[in-house]
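**Q** The residues making up each chain are set out below.
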Amino acid sequence: MNVLLVLPILIPLVTAAVSLLAWRRPRWQRWLGIGGAAALLAASLALLESVRNGGIQTAQMGDWPAPFGITLVADLFSAIMVVMAGLVGFAVVVYSTATVDHRRESFGYYPLLHILLMGVCGAFLTGDIFNLYVWFEVMLIASFVLLALGGEREQLEGAFKYVTLNLMSSALFLAAVGILYGVAGTLNMADLARKLPQVEQSGLVTTLAMLFLVAFGIKAAAFPLFFWLPASYHTPPVAVSALFAGLLTKVGVYALIRVFTLLFTQEVSYTHTLILAVAGLTMVTGVLGAMAQNEFRRILSFHIVSQIGYMLMGLGLFTVAGLAGSIFYIMHHIIVKTNLFLISGVANHFRGTYQLKELGGLYRAYPGLAVLFLIPALSLAGVPPLSGFFAKLGLLQAGLATGQYAIVATALGVSLLTLISMTKIWAEAFWKPAAAPSVDPPAAGTGTPQDPSQHDPPKGSLALFAPVVVLAVLTLTMGLVAEPFVGLAIQAAHQLMNPAGYIEAVLGGRP
Amino acid sequence: MNTWMAFVIGGLYAAGLYMMMRRSIVKLIIGLALLSHAANLLIFTVGGLTRGRPPLIAAGETSLAAPFADPIPQALVLTAIVISFGVLAFALVLVHRTHQTVGTDDLDNLKATDT
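Protein chains in written order, with the numbering used here: chain A, 1 to 511; chain B, 1001 to 1115.
Just so you know, not all the hints are guaranteed correct.
Claimed, not checked - Heads up, simulated DSS-like pairs for lysine-lysine below, C-alpha to C-alpha not over 30 Å straight-line:
| # | chain 1 | residue 1 | chain 2 | residue 2 |
| --- | --- | --- | --- | --- |
| 1 | A | Lys-424 | A | Lys-357 |
| 2 | B | Lys-1111 | A | Lys-424 |
| 3 | B | Lys-1111 | B | Lys-1027 |
| 4 | A | Lys-432 | A | Lys-357 |
| 5 | A | Lys-357 | B | Lys-1027 |
Hints were generated in silico from the structure; no laboratory data involved.
All chains, please: the whole structure from these sequences, using the hints.
**A** Rendered as structure tokens:
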């Protein structure tokens, strides 16, 4: 048994428990949170290293042999996702220390954050489909509370929609798991992969595939089930938005990729073509929704939807190149999207608003911030040499290789619209002259530049900027030195497309 | 028996979805509760209904004799009940807070965050 598999679940749990003991001391909770998140990141990197060197790692909980007990499995894809969770968790915890208000901190913000991370890591690592449901619920309940914590009117309304649709998706997921057990008689995913092709009622299996597609589609915010996302993601404090934007929908995408590469590969021409169509529609509706918005975080929320389409595109193509593109895209997207949300929070920190109309003049006042915004924004649109370019290039090449020209054209068009949308934020928030004369009187006549000292960055600016800078540097690295990252994604895709290795690792070649 | 259960489950799903589409936030919660009940009964039924055959190995035998009630669906249902209990309790508090803050129980008045 590899202890590294348990650590990404155990570390956040212990951190949350100890933080709860320090309930009345938010200062301690902050340091505990940072320490716990750093430990999680370190453990996840160790796990990735061990999977890269030693192949797929498994651990049988309570020493019950698979398929009877609960198995934790880490193939490369899982390990990559856990690293991403650790990275985003760490960045967001550090950022939270500078932005989350005292009231939220004293009502258990940090313990909840770590419970959320535990749920996310658990979902990535489990090899049991019912266990996946349980981790989803752990993640959901923590996210419900984080979303509603603070009790502002907007938050409660957003949380309402989020809770309702996610509970519906959970009910569907649960029903699908129940029927799956009734059909195949096992819940272990590797065992299911072996038994499902032998099930006689192949129609029922395809029905199940569709149930899973809907259940995970809601969680991943795929077309036409994404409405909860733009209605809720802009309501909580920005650190929470950033965490949700980076991780939560990606858990849905992970589950879709896992289920549709391991379990439901019997009717590829039907299921995966449908996924491809969903991917295209998700891209288009998301980006069109973003065009109509005028609020920093709402634009970004709609872009999450649009980007989910790209991640599903690789799955829909169902080739090694396509999946590798998807995996690279997910890595790139998690970093870039989290960073964009963090930057919108920095802008809000300085100007007190997310409305593009009221923002403005940020470039003059904070040129550094403007550069920091440009890196992830251009990367999101896919401008070379940033990470988004290689992510899209991989997907487009895979699309051309399989002759799916319609989806390739859609993806290209959508990235153009993404660029337009990012330009809009740039022009409105950064480029145009500052709109609010309340702080500085209009200095048009005198021609003196605005005195930057008027905008003294409030205290805690290291914790405010460090995560943004680190994530921006990572985006640059993934673009300029793309080779190792792409290589990793291709390896992970190979593992996904050849599930025999996964099954062998879990069941150990038993009959 | 299976046929009757199918009707019960279908009825629960229909009632749950109907309640969710009403405008009152309390009815929405009732609808969610009905949905989770429906899912639980579905798992229970799909797992196979076997009466009077507990999964116990008879004295002197080494393995289970064929028709027996599968304990796993019951374990799944139990887990799901606990989870949905917790989640529903949270949803109730959320409804209460929303009602306090917004001052309405009409979902049509909760559109401020929509686009």
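**Q** Next step is simple, just say for each hint if it's right about the structure.
**A** Now for the hints, and whether the structure bears them out:
Distance check on the hinted pair: Lys-424 (chain A) and Lys-357 (chain A) sit about 11 Å apart at the alpha-carbon level, within 30 Å; holds. About 26 Å separates the Cα atoms of Lys-1111 (chain B) and Lys-424 (chain A), which keeps this hinted pair within 30 Å; it holds. This hinted pair checks out: Lys-1111 (chain B) and Lys-1027 (chain B) have alpha carbons roughly 18 Å apart, not beyond 30 Å. Taking the CA atoms of Lys-432 (chain A) and Lys-357 (chain A), the gap is about 10 Å. The hint holds against a cut of 30 Å.
For the given pair, Lys-357 (chain A) sits about 39 Å from Lys-1027 (chain B) by alpha-carbon distance, which is inconsistent with the 30 Å threshold.
In this structure, only the earlier hint numbered 5 is contradicted, and the remaining ones agree with it.
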